[in-house]
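Colleague: If you read the sequences in order, they're chains A and B.
Just so you know, we're using the working numbering here: the first sequence kicks off at 1 and counts up by one.
Just so you know, we're using the working numbering here: the second sequence kicks off at 1 and counts up by one.
All the pointers check out, no bait thrown in.
No farther apart than 27 Å at their CA atoms in a straight line, the calculated lysine-lysine pairs in the DSS-like style are these: (1) A:Lys-78 / A:Lys-49; (2) B:Lys-43 / A:Lys-353; (3) A:Lys-208 / B:Lys-43; (4) A:Lys-11 / B:Lys-89; (5) A:Lys-271 / A:Lys-208; (6) B:Lys-43 / B:Lys-102; (7) A:Lys-353 / A:Lys-208; (8) A:Lys-15 / B:Lys-102; (9) B:Lys-93 / A:Lys-11; (10) B:Lys-89 / A:Lys-15; (11) B:Lys-43 / A:Lys-11.
Far from chain A by the CB rule (all over 12 Å, computed), these chain B residues: (12) Ala-27; (13) Ala-92; (14) Leu-127; (15) His-154; (16) Glu-160; (17) Ile-174; (18) Arg-213.
If you are wondering where the hints come from, they were derived from the structure by calculation, not from laboratory data.
Glycine residues also receive a C-beta, built at the ideal position from the N, C-alpha and C atoms.
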Amino acid sequence: MFTSAQLHLAKVFLKIFLRNRQSIFFSMLFPLIFTGVFFFSGGPPDPIKLGLVNMSQSTIASQFTDLVIAEPSFDVTKGSLVNLKEELIIGDQTAIILIPENFTSFEGTADLSLILDASQVRQASAIQETLNNSLLTIERDVRGIKPMFNLVVEDVQARPQRYIDFLLPGILAYMLMNLCIAGSGFNIVEYRRRGILKRLFVTPIQPKDFIVAIILSRMVIVLTQISVMLGLAIMLLDINVVGGLPSLYGMVILGTFIFLCIGFFLGSLAKTQEAIQPIVALTSFPQLILSGVFFPISSMHEFIQPIAHILPLSVVVSGLRSITNDGMALFTLNSTTVGVVIWMAISFLVAIKYFVWKEVAN
Amino acid sequence: MLGPNGAGKTSTLEMLEGMNDIDGGSATINGLDVSQNSYEVKKIIGVQLQANEYFDRLNLIELLILFGKLYSQEIDPIALLQGVNLAEKANAKPEELSGGQKQRFSIACALVNNPKVLFLDEPTTGLDPQAKRNLWQLIKDLNSDGMTVVLTTHNMEEAEYLCDRIAIMDQGKIVAEDTPQNLILKYAPEPPQAALHGNIEDVFLALTGHELRD
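With the rest of the complex left out, here is chain A:
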């Protein structure tokens, strides 16, 4: 299947990678940071630090104050407006609630003032929302009213539906794209600039041999990196690959192939190391936004959706997501797998056709 020259060249590329300690260190760092962030950001959010100033002498006000203090999502400090304002400015409080003097009866609507430091509270609107919800619940308690309903959210297929379950396949695919394009595109420009490619091609090897060798060696590297990421995610983030690991790895291999070939094409397009950076950014950044890595494509503007759906990253993201979340098998025939096959063909053809090895920058 593979010639001995291809296999040996692949082994050499692997050796070169393994001897570069720095690149190994950084390639393992990203999965660690990513899973670490999600692992440690789990759990209930910290309580909001709330200063409370009660200007009213009424029983309703003190009853209300007690309930606010008892509310678990607040960490309440009672005090005078002057002191609390100082604490707010230095950041010891997140917000101050001011209960006005006329907070005396259930009749009429009293204005509760919420004092914020806009420069410190970046998520002011999120805090206001939490406050508003908690205060409404407290109001019901004070008035002795039972809530009319509770909103209970259920998934149609009884899957766990955390954001991380949606996000992980997208991040895997994005990681795959970056690793591959860096592995083929950047390398090839550098090898060509230094005349290494030219030296290789005065021997009887062909672009095909070179491309196959890089694909083989990168496949080993990428599968290792993805395995680390996936292993951490399964152990620490309780990710469940519904469609099974073999299908997932199959899709990762197909994606690796697509992105490596795209990398070769971009590497042939760029004449210099300076040119490859913006060319890669221009192809990967729009895909990061448009390929449904962070939020579903169906939530985008309608005229952009048809374009977003056919991007290479989109088909790989949706393939991985179908496998991890919906339990799709790799060889299911649907629009996603057809898209993957079409992109494999396109990327391989352009990689071979436009492969440039003999231009040496002077």
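Following the hints, put chain B in place on chain A, whose structure we already have.
Modeller: Coordinates of chain B only, in the frame set by chain A:
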């Protein structure tokens, strides 16, 4: 192949090596038409390029084995390194070699497939006199062992010392081709001064003019 900068020496060499398309005329190596059989031609030639850089993080032995594999051949890297007097550097990386050692190593790489024709593109440019003489000896030895060597240079002394035939190129054309001795007889200025001053450099300047190139 002797010529000023930009005369087309490297382009001609690359056409012979099957790297550039031949846009006029034809080239034959060992009976093979280069434009028809560039793949077969590559198997029987050895090439040393002007830029001799290699993959990072590999030592000389590993690089030689790699080049052997590209010809699907198992080679003895130490014997090859001994042949170019680099055996003690076997575990060094190319970037740790001096200029002369680097050139000798690139010749070792070009010899992995025991080629019939060896192409050297300005092999001694930038070398000190000792390294230059050493490389000349290596080339002479290879030649006397039966290998055809095609080299480009703009060093007159080198052409005169090494070559059995010299082609002088200018502006993409061969303007003269013969043995060094015949070229001197034919083109060097006539006596009385000629007997003292006639050398290949005079021939070269007479044919290509005195104005600066590049």
